[in-house]
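S.K.: In the order they appear, the protein sequences are chains A and B. Here the first sequence is numbered in numbering that gives the first Met the number 0, starting from 0 and rising by one per residue. Here the second sequence is numbered in numbering that gives the first Met the number 0, starting from 0 and rising by one per residue.
Keep in mind the hints are simulated off the structure, nothing from the lab. Ideal Cβ positions, reconstructed from N, Cα and C, are used throughout, including at glycine. Treat the hints loosely; a few may be bogus.
Said to hold, decoys possible - Chain A side only, calculated, beta carbon under 7 Å to chain B, not exhaustive: (1) Ala22; (2) Met23; (3) Asp54; (4) Arg87; (5) Leu91; (6) Thr92.
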Amino acid sequence: MSLPTSSHEIRISTINVDGRLDAMRAVDLRQEIDDAIARGIVRLIVDLSRASFVDSAGLAALAKGMKDCRSAGGDLRVVAATNPDAARVFQLTRFDQVFRMGDSAEELVASW
Amino acid sequence: MTMTQAVLTLEATYEDMRRIGPWLADQVGAIGADAFAERVGELELAVHELAMNIVDHAYDDATRPGATFDVVMRCEDGDLVVAFDDGGVAYDSGDKPVIGDEPTVRGYGLFIVEQLAKSVDYERRDDRNHWTLVFASQ
Chain A
0 MSLPTSSHEI RISTINVDGR LDAMRAVDLR QEIDDAIARG IVRLIVDLSR ASFVDSAGLA
60 ALAKGMKDCR SAGGDLRVVA ATNPDAARVF QLTRFDQVFR MGDSAEELVA SW
Chain B
0 MTMTQAVLTL EATYEDMRRI GPWLADQVGA IGADAFAERV GELELAVHEL AMNIVDHAYD
60 DATRPGATFD VVMRCEDGDL VVAFDDGGVA YDSGDKPVIG DEPTVRGYGL FIVEQLAKSV
120 DYERRDDRNH WTLVFASQ
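Given these sequences and hints, build the entire structure.
M.R.: Given below as structure tokens:
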């Protein structure tokens, strides 16, 4: 006898940030996040493993994105920067304890 | 030959902020501050954040086009001193967000600078803003 089943699909998108995440590119990141949420994708990963520099504007874009994703029932998680110049702003502001962070996108996908 | 100071004139644009890192890397040795050569990354973040504060708050959409400000770096008693001189509106310390337990979305620029520099001083003089960051040798 077959049992009724239903399937569920979780959509997760990864946004890759190569190079600098500063005030100029923070605008692009905000747009990517807004576009994803508008498409109904509220579980986002921002991969900073190849970022070379992150400033407070980049951090603000991530924080706003996280807030918007969580308001929509999802979350924004961050692949940690490996470059010290990109990781520094997270450590100084303790935002590395605010975001759910991981060492890879695969690790964060599995966290959902 | 060691120069006594290095000067960078920046346009008040986000794009021109990207000149700060290469300038620091290039000039730290030229002014005899070799002890700071390995710390260019943290120096860049501090100088960048203060410069961004100038772009965002000393100027507005009407006054920003064409505006420039100077960043001057020198050694003093073993410390690295980075001074900023801009002709924008006076800094209002009352506008500084309070950093607390609740993660705020904006306003971390000066907080970051204060974490990285030994001292951060501001003076309004002759209708100009003068910021001075001092980085201690380690």
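S.K.: None of the hints should be skipped; say for each whether it holds.
M.R.: Do the hints match the structure? See the list:
The interface hint given for Ala22 (chain A) is met, as the beta carbon of that residue sits about 4 Å from the closest beta carbon of chain B, less than 7 Å. With 7 Å as the threshold, the beta carbon of Met23 (chain A) comes within range of chain B, its nearest partner Cβ sitting at about 5 Å, so the hint holds. A cut of 7 Å between beta carbons decides the hint on Asp54 (chain A): the least distance to chain B is about 6 Å, and the hint holds. Because the closest C-beta pair between Arg87 (chain A) and chain B is about 6 Å apart, less than 7 Å, the hint holds.
The beta carbon of Leu91 (chain A) comes within 5 Å of a beta carbon in chain B, closer than 7 Å, and the hint placing it at the interface holds. The interface hint given for Thr92 (chain A) is met, as the beta carbon of that residue sits about 5 Å from the closest beta carbon of chain B, less than 7 Å.
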